[in-house]
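Chains as they are written, first to last, in full-length UniProt numbering: chain R, 1 to 332; chain H, 1 to 332.
It should be emphasised that the hints constitute simulated quantities derived from the structure, not laboratory data. There could be a bad hint or two in this list.
Said to hold, decoys possible - Among the chain H residues that face chain R by a calculated CB cut under 7 Å, a handful are:
(1) H14
(2) F21
(3) K202
(4) F231
(5) S232
(6) A276
(7) P317
(8) E320
(9) A321
(10) A325
Unchecked claim - So these bits of chain H aren't anywhere near chain R, every CB distance computed over 12 Å:
(11) L41
(12) D43
(13) Q182
(14) D255
(15) M304
A virtual CB, placed ideally from N, CA and C, is assigned to each residue, including glycine.
Protein chains: 2
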Amino acid sequence: MTKIINDVQNIVCHMLQGFYFEHKDRVSYNEKYNLIFRKDLADMDQQVVLISGGGSGHEPADFGYVGDGMLSVAVVGEIFVPPTPEQVLEAIRLVDRSRSVLLIIKNFTADVGNFLTAEALAKEEGRTVDHVIVNDDVSIENDVTYNKRRRGVAGTVLVHKILGAAAREGYTLEQLKELGEQVIGRLHTLGVALSPANDPTKDEPSFTLQKNEAYYGVGIHGEKGYRKEVFSSSEKLAVELFNKLKSVYRWRRQDPFAILVNGLGATPLVEQYAFANDIRRLCELESLDVRFVKIGTHLTSLDMEGISLSFLKIEDPRWEAWLKADVEAAKW
Amino acid sequence: MTKIINDVQNIVCHMLQGFYFEHKDRVSYNEKYNLIFRKDLADMDQQVVLISGGGSGHEPADFGYVGDGMLSVAVVGEIFVPPTPEQVLEAIRLVDRSRSVLLIIKNFTADVGNFLTAEALAKEEGRTVDHVIVNDDVSIENDVTYNKRRRGVAGTVLVHKILGAAAREGYTLEQLKELGEQVIGRLHTLGVALSPANDPTKDEPSFTLQKNEAYYGVGIHGEKGYRKEVFSSSEKLAVELFNKLKSVYRWRRQDPFAILVNGLGATPLVEQYAFANDIRRLCELESLDVRFVKIGTHLTSLDMEGISLSFLKIEDPRWEAWLKADVEAAKW
């Protein structure tokens, strides 16, 4: 695949410098540890500081969500490789010791390990740190590997938004952790790919698909899905993902939901909107009360063609208000 | 190509319904004429109404830019087909006769023809309508077809932003037209493709490229470019586009510019940022005074892989302020 990059070794640095070129008025960039953070981090009063991150290749996540009303710091790993504990610890160290930090971690074994190691080291320094772990991906049926494989994927962006708005309102660390866990418990995502991601650091794509084949349940690092079938229409994809979510929620008429339709990297907006329209029709058939909709390229897998669908059951009207609250992040 | 759509005949309708599903709180949707417009159109006091549009396949342009501080109405044609005069006339008719309308037209023969026909019909109805024509594409060398081929491409989004902010400040129709022409005169864009766009209404892509080939100067409907060469790096593309723009501007050190790096549809953000970083370095070498940078997928050619680079020489500090002014549009 032809990729608009220079040397693969420096791709993350080049990307972050490009982002910083655009946003240097309002974010800072620590080049040594690949951190993007709010320029006014020290002036945010006593707001709890939200830190998230992960491997690169998921842009605009997470640095595209740094800004007032969302994340305070994004920690950026190499392509599909989580940030090291050292990087996460340096992110925490950006913040004055007197303030509290919440880590928003996606549920991948290596990510969780590195973030929790950093949390432990920060606590040894006398810092106040806690975390939530996002595990919205319900692509895998209940089996022995279920919890392990309930990965953190696009729904994470909704967690960033809700917690970011609540933190701005002065929620404490304890309150944010509780809120985060409540939201994560109601948040489910399923993805479908029409092509694999081509990792420029690897020789081969992580899986292969025939032309005109769809692969349900794929992860965002090329993790395998649960079924391949011949692609026929947007509606068919929508019905599959929607029905899987229905079986998870067992929703009732008028249940209130927020919805995120997310392009996985190379999916044009025309297709994202067409797919979202199929979801709209299915929601109407089920008489769901859709309170919030977001459509766009929000958490990706490099150049993967495909889409993910996230539902969040809104248990508290404040969740809806926080989803709709003003925000300064580049790519919300 | 596998595309997440249903029937090709209804793709524009499905797309607009998907967009409306997301934004019905703040936009209205006229399904008969494919119009997306501000819900508060009637309450905008005496602001001049900005209308733009064109064929589909360029999403998020132009409906993604409808909102306070940018466009008032977007008129949406079929894939790569401009809206009819009737559609544009209906867009103008949304507005009370007492108010003024400015059409922002991209410089393609059919677009210009249809918009100007509608303008003439509206004037016969006693309406006050004028227009500007955006022709930012400088991909073609000076030759007999130069003006014809100076198409309106991604730079149009910067015109929407500046004129939208000025309209909100109360600029008159005459002032907006003059401002628009000044901005357009300083606005130049060049694109490069790594793959053609696959129009779902056509059997074949509009041009073919070898794997690992770059095509400079392509248009947004598959119009041919000026040179193919083997792709080697992001930096090489950046140098080519940057030097062409340099030869157009003949800039001097410290000249102030706004820059738009635009993904053409299927280009992941990681590549857009990497490319933007190369542009940053080139600007530093030339000691340009870069006042504003925007990076993202803003005006596309369906699923084309590639990038366009727009420069706007900032002749007036208000242009910078308007580029940075608050805006409510979905995809700015």
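Each hint, compared with the structure:
1. H14: holds (4 Å)
2. F21: With Cβ-Cβ at 4 Å, under 7 Å, it holds.
3. K202: violated (15 Å)
4. F231: holds (5 Å)
5. S232: Since chain R brings no Cβ nearer than about 9 Å to H:S232, farther than 7 Å, the hint is violated.
6. A276: holds (4 Å)
7. P317: Hint on H:P317: violated, closest Cβ of chain R at ~15 Å, above 7 Å.
8. E320: Hint violated; H:E320 Cβ to chain R Cβ min 11 Å, cut 7 Å.
9. A321: At about 13 Å, which exceeds the 7 Å cut-off, the nearest Cβ of chain R leaves the hint on H:A321 violated.
10. A325: Check failed: Cβ of H:A325 comes no nearer than 14 Å to chain R, outside 7 Å.
11. L41: holds (22 Å)
12. D43: Since the minimum Cβ distance to chain R is about 21 Å, H:D43 lies beyond 12 Å and the statement holds.
13. Q182: holds (25 Å)
14. D255: It holds; H:D255 is separated from chain R by about 17 Å at its closest Cβ, greater than 12 Å.
15. M304: It is violated; H:M304 is separated from chain R by about 9 Å at its closest Cβ, not greater than 12 Å.
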